[in-house]
Amino acid sequence: MFVVSKKGNEIEFADVEFSYVAEVLKPIDTSLSELNHEISKSDVWDVSCLCDKGEYLIGLGFCIMQRYMFDVLRDVDLKPVEARKLGPCSSLGEPVAELIHTAANYWKHEPEWHIWLEKLSKQSQETVDKVLHHRDSAQYPLSDLLADLNGSSDLTLIGCLPYLIDWRRALFEYTKKNV
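Residue numbers are given in our numbering: position 2 of the sequence shown equals residue 889, and the series is strictly consecutive.
Just so you know, these hints were derived from the structure itself, not from any lab. Please note that the accuracy of each hint is not assured.
[Claimed, not checked] Straight-line alpha carbon distances no greater than 27 Å define the calculated DSS-like cross-link-like pairs of lysine-lysine that follow: (1) K1017 with K972; (2) K1064 with K972; (3) K893 with K1063; (4) K1006 with K1017; (5) K1063 with K894; (6) K1063 with K972; (7) K913 with K928; (8) K913 with K940; (9) K966 with K1009; (10) K940 with K928.
[Unchecked claim] Cβ-Cβ distance ranges computed for the label pairs, FRET-style: (11) K894 with D1053: 13 to 23 Å; (12) S1039 with D964: 21 to 31 Å; (13) N1065 with S906: 24 to 34 Å; (14) E910 with D1053: 15 to 25 Å; (15) P998 with S978: 22 to 32 Å; (16) K1064 with H996: 29 to 39 Å; (17) K966 with S906: 18 to 28 Å; (18) V890 with E969: 20 to 30 Å.
In this text, a Cβ means the ideal position worked out from N, Cα and C, and glycines have one as well.
Could you put together the complete structure from these sequences and hints?
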(Lines of atoms letter the chains of each structure in order from A and count residues from 1; the text may use other names and numbers.)
(Lines give C-alpha, C1' and ligand atoms only; values in the text may rest on other atoms or scores of the structure.)
Protein backbone atom coordinates (compact mmCIF):
# COMPACT_ATOMS: atom_id res chain seq x y z
CA MET A 1 0.00 0.00 0.00
CA PHE A 2 1.18 3.51 -0.68
CA VAL A 3 0.08 7.05 0.10
CA VAL A 4 0.08 9.70 -2.61
CA SER A 5 0.62 13.41 -2.14
CA LYS A 6 1.07 16.28 -4.56
CA LYS A 7 3.80 18.88 -4.48
CA GLY A 8 2.85 21.34 -7.18
CA ASN A 9 2.50 19.26 -10.32
CA GLU A 10 4.64 16.45 -8.94
CA ILE A 11 3.12 13.32 -7.45
CA GLU A 12 5.01 11.82 -4.51
CA PHE A 13 4.55 8.35 -3.09
CA ALA A 14 5.04 7.36 0.53
CA ASP A 15 5.63 3.65 0.24
CA VAL A 16 7.21 1.78 3.14
CA GLU A 17 7.05 -1.58 1.36
CA PHE A 18 9.25 -0.20 -1.42
CA SER A 19 11.92 0.67 1.14
CA TYR A 20 11.73 -2.91 2.43
CA VAL A 21 12.27 -4.26 -1.09
CA ALA A 22 15.31 -2.05 -1.63
CA GLU A 23 16.75 -3.01 1.74
CA VAL A 24 16.34 -6.74 1.12
CA LEU A 25 17.67 -6.65 -2.45
CA LYS A 26 20.93 -4.87 -1.53
CA PRO A 27 22.57 -7.81 0.26
CA ILE A 28 21.41 -10.18 -2.48
CA ASP A 29 23.10 -7.90 -5.02
CA THR A 30 26.25 -7.94 -2.89
CA SER A 31 26.20 -11.73 -2.98
CA LEU A 32 25.64 -11.68 -6.75
CA SER A 33 28.58 -9.34 -7.21
CA GLU A 34 30.80 -11.62 -5.15
CA LEU A 35 29.59 -14.63 -7.17
CA ASN A 36 30.38 -12.89 -10.45
CA HIS A 37 33.87 -12.16 -9.17
CA GLU A 38 34.31 -15.81 -8.15
CA ILE A 39 33.03 -16.96 -11.55
CA SER A 40 35.58 -14.81 -13.34
CA LYS A 41 38.39 -16.53 -11.39
CA SER A 42 37.01 -20.08 -11.41
CA ASP A 43 37.79 -23.00 -13.63
CA VAL A 44 35.11 -24.49 -15.83
CA TRP A 45 34.25 -27.19 -13.26
CA ASP A 46 33.24 -24.71 -10.57
CA VAL A 47 31.39 -22.22 -12.76
CA SER A 48 28.20 -24.28 -13.05
CA CYS A 49 27.71 -24.51 -9.27
CA LEU A 50 28.34 -20.79 -8.86
CA CYS A 51 25.90 -19.96 -11.68
CA ASP A 52 23.28 -22.22 -10.08
CA LYS A 53 23.66 -20.26 -6.85
CA GLY A 54 23.33 -16.98 -8.74
CA GLU A 55 20.18 -18.19 -10.47
CA TYR A 56 18.75 -19.10 -7.06
CA LEU A 57 19.48 -15.65 -5.63
CA ILE A 58 18.05 -13.90 -8.69
CA GLY A 59 14.88 -15.99 -8.43
CA LEU A 60 14.54 -14.99 -4.80
CA GLY A 61 14.94 -11.35 -5.80
CA PHE A 62 12.18 -11.63 -8.39
CA CYS A 63 9.92 -13.17 -5.70
CA ILE A 64 10.57 -10.19 -3.44
CA MET A 65 9.59 -7.85 -6.27
CA GLN A 66 6.48 -9.93 -7.01
CA ARG A 67 5.43 -9.66 -3.37
CA TYR A 68 5.86 -5.90 -3.59
CA MET A 69 3.58 -5.75 -6.63
CA PHE A 70 0.89 -7.62 -4.71
CA ASP A 71 1.39 -5.23 -1.76
CA VAL A 72 0.73 -2.31 -4.11
CA LEU A 73 -2.38 -3.99 -5.50
CA ARG A 74 -3.81 -4.75 -2.07
CA ASP A 75 -6.23 -1.81 -2.04
CA VAL A 76 -6.59 -1.35 -5.79
CA ASP A 77 -9.71 -2.55 -7.57
CA LEU A 78 -7.90 -3.94 -10.62
CA LYS A 79 -7.19 -7.54 -11.53
CA PRO A 80 -3.48 -8.34 -11.15
CA VAL A 81 -3.27 -9.67 -14.72
CA GLU A 82 -4.47 -6.28 -15.99
CA ALA A 83 -2.21 -4.35 -13.63
CA ARG A 84 0.85 -6.22 -14.91
CA LYS A 85 0.21 -4.85 -18.41
CA LEU A 86 0.80 -1.31 -17.15
CA GLY A 87 4.07 0.54 -16.85
CA PRO A 88 7.35 0.18 -18.70
CA CYS A 89 8.15 -2.49 -21.27
CA SER A 90 11.37 -4.36 -21.91
CA SER A 91 13.51 -3.62 -24.94
CA LEU A 92 11.53 -6.38 -26.67
CA GLY A 93 8.16 -4.81 -25.85
CA GLU A 94 7.12 -7.07 -22.96
CA PRO A 95 5.56 -5.45 -19.86
CA VAL A 96 8.26 -5.55 -17.18
CA ALA A 97 5.75 -6.13 -14.38
CA GLU A 98 4.60 -9.26 -16.20
CA LEU A 99 8.21 -10.41 -16.69
CA ILE A 100 8.98 -9.94 -12.98
CA HIS A 101 5.82 -11.80 -11.98
CA THR A 102 6.54 -14.63 -14.41
CA ALA A 103 10.19 -14.88 -13.34
CA ALA A 104 9.11 -15.25 -9.71
CA ASN A 105 6.62 -17.97 -10.64
CA TYR A 106 9.24 -19.72 -12.75
CA TRP A 107 11.66 -19.80 -9.84
CA LYS A 108 9.01 -21.04 -7.40
CA HIS A 109 7.63 -23.77 -9.67
CA GLU A 110 10.61 -24.92 -11.74
CA PRO A 111 11.42 -27.77 -9.31
CA GLU A 112 8.03 -29.28 -10.21
CA TRP A 113 9.09 -29.69 -13.85
CA HIS A 114 11.10 -32.88 -13.58
CA ILE A 115 13.39 -33.87 -16.43
CA TRP A 116 11.32 -36.98 -17.00
CA LEU A 117 8.13 -34.97 -17.40
CA GLU A 118 6.95 -35.68 -20.93
CA LYS A 119 5.25 -32.34 -21.46
CA LEU A 120 4.69 -29.18 -19.45
CA SER A 121 1.17 -27.97 -18.83
CA LYS A 122 0.06 -25.08 -21.04
CA GLN A 123 0.43 -22.60 -18.16
CA SER A 124 3.89 -23.91 -17.23
CA GLN A 125 5.04 -23.72 -20.86
CA GLU A 126 3.78 -20.13 -21.11
CA THR A 127 5.76 -19.29 -17.97
CA VAL A 128 8.94 -20.78 -19.44
CA ASP A 129 8.40 -19.00 -22.76
CA LYS A 130 7.91 -15.60 -21.08
CA VAL A 131 10.99 -16.01 -18.90
CA LEU A 132 13.09 -16.93 -21.94
CA HIS A 133 12.23 -13.44 -23.23
CA HIS A 134 12.26 -14.37 -26.94
CA ARG A 135 15.14 -16.88 -26.66
CA ASP A 136 14.80 -20.46 -27.82
CA SER A 137 16.50 -21.75 -24.68
CA ALA A 138 18.80 -20.67 -21.88
CA GLN A 139 20.80 -22.50 -19.28
CA TYR A 140 20.26 -19.66 -16.79
CA PRO A 141 17.06 -17.92 -17.92
CA LEU A 142 16.63 -15.73 -14.83
CA SER A 143 20.18 -14.40 -15.15
CA ASP A 144 19.59 -13.69 -18.83
CA LEU A 145 16.29 -11.94 -18.09
CA LEU A 146 17.88 -9.83 -15.36
CA ALA A 147 20.66 -8.82 -17.77
CA ASP A 148 17.99 -7.89 -20.34
CA LEU A 149 16.17 -5.74 -17.79
CA ASN A 150 19.41 -4.08 -16.70
CA GLY A 151 20.34 -3.44 -20.32
CA SER A 152 23.73 -5.05 -19.80
CA SER A 153 25.52 -7.99 -18.31
CA ASP A 154 25.39 -6.19 -14.96
CA LEU A 155 23.33 -8.47 -12.76
CA THR A 156 21.73 -6.26 -10.13
CA LEU A 157 18.26 -6.66 -8.76
CA ILE A 158 18.37 -3.03 -7.59
CA GLY A 159 18.50 -2.16 -11.29
CA CYS A 160 14.86 -3.28 -11.51
CA LEU A 161 13.63 -0.81 -8.89
CA PRO A 162 13.06 2.04 -11.37
CA TYR A 163 10.74 -0.30 -13.27
CA LEU A 164 8.72 -0.89 -10.11
CA ILE A 165 8.55 2.86 -9.44
CA ASP A 166 7.32 3.52 -12.98
CA TRP A 167 4.84 0.63 -12.75
CA ARG A 168 3.44 1.96 -9.47
CA ARG A 169 3.03 5.43 -11.03
CA ALA A 170 1.34 3.97 -14.13
CA LEU A 171 -0.99 1.94 -11.91
CA PHE A 172 -1.88 5.01 -9.87
CA GLU A 173 -2.56 7.09 -12.98
CA TYR A 174 -4.63 4.31 -14.56
CA THR A 175 -6.79 3.76 -11.48
CA LYS A 176 -7.22 7.49 -10.97
CA LYS A 177 -8.74 7.75 -14.47
CA ASN A 178 -10.54 4.41 -14.77
CA VAL A 179 -11.47 2.90 -11.43
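Which hints, by number, does the structure contradict?
As far as the earlier hints go, only 12 is violated by this structure.
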